[in-house]
Amino acid sequence: MFHYLWSVWRAIQLGLGLQPDIVQIATNTPNATWIAFGVVMTAGISVLIGQSVILFANQVQPGRFLMSLVINGLLLVVGWIVWTTAVWAIGMWLFAEDASFVLILRLIGLSYAPLVFGFLILMPYLGPFIQRVLYAWSFIVALQAVKLTFHVGFWHALVAAGIGWLLLAVITATIGRPVVALRNYVWHRLTGTALDASANEVLQQFAIDKSAQAASKGDKS
Amino acid sequence: MSFIGLLLTALVALLFLSAALAPLESLGWYAGWFGEKEEEPEPRMDDGGGETHAEIAPASHYLVYLSGIGAIAANSIPDEELPFIQGLQERLPATLVISDVFPYSVTNMGLTGQRSAARVWRWIEGLRLKNPMAIMAFLVNLRNIFQVATSADGRYGPIYNLGVAQEIRRSLLRHGYRLGSGTPVSLLGWSGGGQIALGAAWYLPNLIGAPVTIVSVGGVMSNDMGVKRIDHMWHMWGDKDPLSPLGHHLYPGRWKMFPMSGWNRALAEGKITLIPLESYAHNGKGNYFDDKMLLPSGESHMQHVLDTIQNKITEAGLSTGDPVTPVPIGG
Numbered sequence: 001m002f003h004y005l006w007s008v009w010r011a012i013q014l015g016l017g018l019q020p021d022i023v024q025i026a027t028n029t030p031n032a033t034w035i036a037f038g039v040v041m042t043a044g045i046s047v048l049i050g051q052s053v054i055l056f057a058n059q060v061q062p063g064r065f066l067m068s069l070v071i072n073g074l075l076l077v078v079g080w081i082v083w084t085t086a087v088w089a090i091g092m093w094l095f096a097e098d099a100s101f102v103l104i105l106r107l108i109g110l111s112y113a114p115l116v117f118g119f120l121i122l123m124p125y126l127g128p129f130i131q132r133v134l135y136a137w138s139f140i141v142a143l144q145a146v147k148l149t150f151h152v153g154f155w156h157a158l159v160a161a162g163i164g165w166l167l168l169a170v171i172t173a174t175i176g177r178p179v180v181a182l183r184n185y186v187w188h189r190l191t192g193t194a195l196d197a198s199a200n201e202v203l204q205q206f207a208i209d210k211s212a213q214a215a216s217k218g219d220k221s
Numbered sequence: 001m002s003f004i005g006l007l008l009t010a011l012v013a014l015l016f017l018s019a020a021l022a023p024l025e026s027l028g029w030y031a032g033w034f035g036e037k038e039e040e041p042e043p044r045m046d047d048g049g050g051e052t053h054a055e056i057a058p059a060s061h062y063l064v065y066l067s068g069i070g071a072i073a074a075n076s077i078p079d080e081e082l083p084f085i086q087g088l089q090e091r092l093p094a095t096l097v098i099s100d101v102f103p104y105s106v107t108n109m110g111l112t113g114q115r116s117a118a119r120v121w122r123w124i125e126g127l128r129l130k131n132p133m134a135i136m137a138f139l140v141n142l143r144n145i146f147q148v149a150t151s152a153d154g155r156y157g158p159i160y161n162l163g164v165a166q167e168i169r170r171s172l173l174r175h176g177y178r179l180g181s182g183t184p185v186s187l188l189g190w191s192g193g194g195q196i197a198l199g200a201a202w203y204l205p206n207l208i209g210a211p212v213t214i215v216s217v218g219g220v221m222s223n224d225m226g227v228k229r230i231d232h233m234w235h236m237w238g239d240k241d242p243l244s245p246l247g248h249h250l251y252p253g254r255w256k257m258f259p260m261s262g263w264n265r266a267l268a269e270g271k272i273t274l275i276p277l278e279s280y281a282h283n284g285k286g287n288y289f290d291d292k293m294l295l296p297s298g299e300s301h302m303q304h305v306l307d308t309i310q311n312k313i314t315e316a317g318l319s320t321g322d323p324v325t326p327v328p329i330g331g
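Quick mapping for you: the protein sequence lines, in order, are chains A and B.
My numbering puts the first residue of the first sequence at 1, with every later residue one more than the last.
My numbering puts the first residue of the second sequence at 1, with every later residue one more than the last.
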């Protein structure tokens, strides 16, 4: 176990900026996919810690809080696999090179490494800015992963990743809607909170609701 | 990496970590993870605030003093503020001045209260008593700055400010406030206390069923949604004060280019009176509490601020009626 955690830690360090030798490492390291899974899980847990205000505002108790973190990690793992599949399929279609699915899965898994700092989104004032930086950083590392896997330049990688993203957006809004609804339902059942409402909406509503309750407490009428 | 480089990296990491952990106190309190959750027995509207405090004669106006980021607990505020609070009570005899709310905790628990790190804060408090400029005392400011930022953050403000507003309400009840009487309340926020006052103002008018005004002395404030609920705000700041304008610089809602923001609309509606003070600093010599530094008029800095507050509160017709029996500072 300790050896695995150490490997995940090393993978996170490597994932913060992919160097060309990563292809060698990702190909030859035993359990590399499993290690990439660890990186994505850690990122999912950390990001939800950063956005945990939504859980606290719903007065989620510690047990459910921990479960929510793990579920968010698993959701990110599903996202990682779907996103990788889309990018790989588009890369195979656009580029001459035949790339290994497992290799790009591992490299894109490593691109989630910046999100391991997602807990910093908690920071008052700077949090939302840090969130944008971390996501941009992660996306840039993912482009590097596409570049290294398909041996293409930056713009080609951007096109593949961009079309992949568009494809997922279209699928999510159309034939994927039942899947999204199922995901939201499972999340709601397990954590007791809503996944489809934005944190801002919930908090605005929170302030209005609490204020109305205060009025019934403080007004004679 | 050299030793100094390593030390600096560790310090920055520690700073980031402390900032990230700052909102957890209020979030955990709201979720019932820690801190007191039990509400006090609810006083009835018609019995003047419940049995416990019914014997205290109500005042015709209350002013709640919210200290700056140097406060360690409600009863441990920097010495320089004590004559100021006393001066407020003397100049507004019909107003009851209250100063037992610690603005940097949603449960009114001072840093030296029942906390895991209370011993450390008590040690720092001891150091500060010996030397107000002790470097370790800066940790108090830093800890409280993070709480101000928590109050001003749209993600945490709704929870943080609810906690503080409830504490202000409890304090008012302890001092004989009669719910439903419509007795006006002013919140005086000094420095970071300005933001806390503004944040609490979103809930407080509803919690007590009465109008709320704010007096900001060098207040550092965001474009908080609480500005929509205030009756009026008088905002004083010095032209040598670099900290008070931070609220203006850091929060886009206060920029002129967003005329529809809550702050700018309140300004346009005349709900905010800006009172610039010449040659006032935020800290040290020439600050708002300096009773030695004299203005060309012959008044001291502190006297002038007190005079201004007295005039504004009186002109607004808030402090009228019989003189009250003052309460001890921090009590």
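Derived by calculation from the structure, the hints in this document are not laboratory data.
Computed from a predicted model, the values in this text were never measured in an experiment.
Wrong hints could be hidden among the right ones.
No farther apart than 25 Å at their CA atoms in a straight line, the calculated lysine to any residue pairs in the SDA-like style are these [stated by the list, open to error]:
hint, chain 1, residue 1, chain 2, residue 2
1, B, LYS240, B, PRO276
2, B, LYS312, B, LEU274
3, B, LYS312, B, ALA94
4, A, LYS147, A, GLN205
5, B, LYS256, A, PHE206
6, B, LYS271, A, ALA207
7, B, LYS228, A, GLN131
8, B, LYS256, A, SER100
9, A, LYS147, A, TYR135
10, B, LYS271, B, HIS232
11, B, LYS228, A, TYR135
12, B, LYS271, A, ILE208
13, A, LYS147, A, PHE65
14, B, LYS271, B, PRO259
15, B, LYS130, B, SER76
16, B, LYS240, B, ASP79
17, B, LYS271, A, PHE129
18, B, LYS312, B, LEU8
19, B, LYS228, A, SER211
20, B, LYS271, B, GLY113
21, A, LYS147, A, PHE95
22, B, LYS271, A, VAL77
23, B, LYS228, A, TYR125
24, B, LYS271, B, THR308
25, B, LYS228, A, LYS147
26, B, LYS228, A, TYR4
27, B, LYS228, A, GLN213
28, B, LYS312, B, PHE258
29, B, LYS285, B, ALA94
30, B, LYS292, B, GLY113
31, B, LYS271, A, GLY63
32, B, LYS228, A, ALA207
33, B, LYS292, B, GLU278
34, B, LYS228, A, ASP209
35, B, LYS256, A, LEU126
36, B, LYS130, B, GLY154
37, B, LYS285, B, LYS271
38, B, LYS228, A, PHE95
39, B, LYS256, A, TYR135
40, B, LYS228, A, VAL77
Hey, B:LYS256 versus A:TYR135, does the alpha-carbon distance stay inside 25 Å? violated (31 Å)
Please verify whether B:LYS312 and B:LEU8 have alpha carbons no more than 25 Å apart. Status violated; Cα separation ~48 Å.
Check whether the Cα positions of A:LYS147 and A:GLN205 lie no farther apart than 25 Å. violated (44 Å)
So if I understand the rule, the pair passes when the alpha-carbon distance is 25 Å or less; does B:LYS271 with B:GLY113 pass? violated (38 Å)
Is B:LYS312 within 25 Å of B:LEU274, Cα to Cα? holds (12 Å)
Is the straight-line distance between the alpha-carbon of B:LYS228 and that of A:ASP209 25 Å or less? holds (16 Å)
Hint check: B:LYS240 vs B:PRO276, CA-CA at most 25 Å. Holds or violated? It holds: about 10 Å lies between the C-alpha atoms, which stays within 25 Å.
Check the hint pairing B:LYS312 with B:ALA94 against an upper bound of 25 Å on the C-alpha distance. Holds, because 14 Å separates the two Cα atoms, which is no more than 25 Å.
Between B:LYS228 and A:GLN213, does the CA-CA distance stay at or below 25 Å? It holds: about 18 Å lies between the C-alpha atoms, which stays within 25 Å.
Pair hint B:LYS271 and B:THR308, alpha-carbon separation not exceeding 25 Å: holds (17 Å)
Just to be careful, I want the Cα atoms of B:LYS228 and A:VAL77 compared with a cutoff of 25 Å; is the pair within it? Distance ~43 Å between B:LYS228 and A:VAL77 Cα, so the pair is violated.
For the pair we were handed, A:LYS147 and A:PHE65, check the Cα-Cα distance against 25 Å. Violated: A:LYS147 and A:PHE65 sit about 38 Å apart, past 25 Å.
Hint check: violations occur at hints 4, 5, 7, 8, 11, 13, 17, 18, 20, 22, 25, 26, 28, 29, 30, 31, 36, 37, 38, 39, 40; the rest are consistent with the structure.
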